[in-house]
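Asks: Read off the chains here:
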Amino acid sequence: MNRNTYSILVLFCLLFIGGLSKTPAQALDISSGGAPTITGALSGSVSGSSSVLNDLSVTVNFGEVSPLNTNNIVKVVVPIAIRSNRPYRVRASLTSSTNANPQAVQTTDIGFGINNFRAMGSNSRVCLLSNHIIFSPFNNDPSTGVTINASGRAAYPSDLSDIAGNATILTGPRLSNGGGARATNDGYIFDAILAITPQFYAAGTTTAVITFTISNGPAAPC
Amino acid sequence: MKGLERTFPILLAIFALLVALASTALSQTTTGTVSMSATVSKFVELNSGGAITLTGNSGGGITTNGTVNNPLAAVIDLGELGPANTSSFVTASVPLKLRSNASYVLSLAATVTSSGSTANEITAADVGFGLGSVVRSGSGVNTTGTDTNATSGDPTLGANGSVNGTTGRYNYTAVRSNLGAFAASTTVLSGAFIMNAVPRSNTNGLTVPAIFAVKPQFYETGTTTVVATFTVTAP
Chain A
1 MNRNTYSILV LFCLLFIGGL SKTPAQALDI SSGGAPTITG ALSGSVSGSS SVLNDLSVTV
61 NFGEVSPLNT NNIVKVVVPI AIRSNRPYRV RASLTSSTNA NPQAVQTTDI GFGINNFRAM
121 GSNSRVCLLS NHIIFSPFNN DPSTGVTINA SGRAAYPSDL SDIAGNATIL TGPRLSNGGG
181 ARATNDGYIF DAILAITPQF YAAGTTTAVI TFTISNGPAA PC
Chain B
1001 MKGLERTFPI LLAIFALLVA LASTALSQTT TGTVSMSATV SKFVELNSGG AITLTGNSGG
1061 GITTNGTVNN PLAAVIDLGE LGPANTSSFV TASVPLKLRS NASYVLSLAA TVTSSGSTAN
1121 EITAADVGFG LGSVVRSGSG VNTTGTDTNA TSGDPTLGAN GSVNGTTGRY NYTAVRSNLG
1181 AFAASTTVLS GAFIMNAVPR SNTNGLTVPA IFAVKPQFYE TGTTTVVATF TVTAP
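Top line first, the protein sequences correspond to chains A and B. By this note's numbering, the letter at position 17 of the first sequence is numbered 17, and the numbering carries on one by one without gaps. Counting from 1 along the second sequence, just add 1000 to a position and that's the residue number in this note's numbering.
Everything labelled a hint here was simulated from the structure, so no lab data went into it. Glycine is no exception: its CB is placed at the ideal position from the N, C-alpha and C atoms. Errors might be hidden in some of the hints.
What the hints assert, rightly or not - Here are some, though not all, of the chain A residues that point toward chain B, as calculated from beta-carbon distances under 8 Å:
| # | residue |
| --- | --- |
| 1 | ASP55 |
| 2 | THR59 |
| 3 | ASN61 |
| 4 | LEU68 |
| 5 | ARG83 |
| 6 | GLN103 |
| 7 | THR197 |
| 8 | PHE200 |
| 9 | TYR201 |
| 10 | THR206 |
| 11 | PHE212 |
Claimed, not checked - Derived coverage of chain A by chain B (criterion: at least 3 residues anywhere in the stretch with Cβ under 8 Å from a Cβ of chain B; other residues may be distant):
| # | stretch |
| --- | --- |
| 12 | 125 to 133 |
| 13 | 151 to 163 |
Using the sequences and the accompanying hints, generate a full structural model.
Replies: Next up, the structure:
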């Protein structure tokens, strides 16, 4: 084997490796879907990238949720972008602090729903043979579905306790026309909505982390 | 030319490596996170528990009544407190409503100012005071919570006062049964958290009547002003 042949083999190997590293990254992707927003908060905040080209990493501080906050509800909207070149599934899972005191904030006290599924742009794949499905009970805006249960506590159509077991929230057919790196127009966006009603909770602090994961989904012809 | 032939594959290899690295740098990800936190501070609230009841008065009346679930800012004219008033007591019962998400302490500080100049003027000791029955009821209320009433209850009860055998003046003798005990802010009621985790729009809570009483006597003529300030805290 002369030097040129050897070099060409190395070249193909590297191109192959390059191709390998790229192909799976194009297949399934989740990222920020835009700037998150918060309303009704007292000393609360939300931070996250406004660019759909950046990873999804949002920090929500609901702020004060005792009756010191006189708003009816604290609502956070987190836009999430998803891209794929195949059928997909989006799961949500929860890691949270535990409050042994039943009067403290529990996972059932934070409403969680998704809605407003929409195309990002011209390279969003439009599939006519399958639908994008928001799984029950998550297809709602929890801030508008608040009810008072028998004990007088606020309740929601769906809440964080519903994703304690890594729940599927969304499935569907291929999302993207493109095959390259993230673009601003090559997938779909949905809103993850979080809501908490200020109540006479026991004093303390509460933390929770939702992890959204996109993976191969059930067969969904496009 | 031969040198270029040799260098070209190497350049291509470097290019391919850069492509591979670039695709890694732009690589998409399959997970994203939303981290959340929330704070609940201690909260206590004192409001009017409803309309005031004034009994035994001669003249006078309720100038500014209490309105349930609104801030307490009542004004009462007890009327005539001399012997012209033949009632045993002039009594004002002021309903209080407390709500909290933590243990609470209700305190009272009172001032009594009379226009007289002798020992026969109305003093703080002549204004009986006590808290009546404490009631925790309704949806969303911690009905198993306990409360400690630091007063002796209705000051007009026989057990809480009597005519002084020496001076002949009526005295409220029980523990914290007159406003003389509240020249400085003093605890009148304390207890466990009142509300379970329910919204503020739930209007239930703990109610207790604050009872003020004056026995008409041969006081020095003049006018008297009583100001009672209740404060609830969550220590």
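Asks: Of the hints stated earlier, which fail here?
Replies: 12
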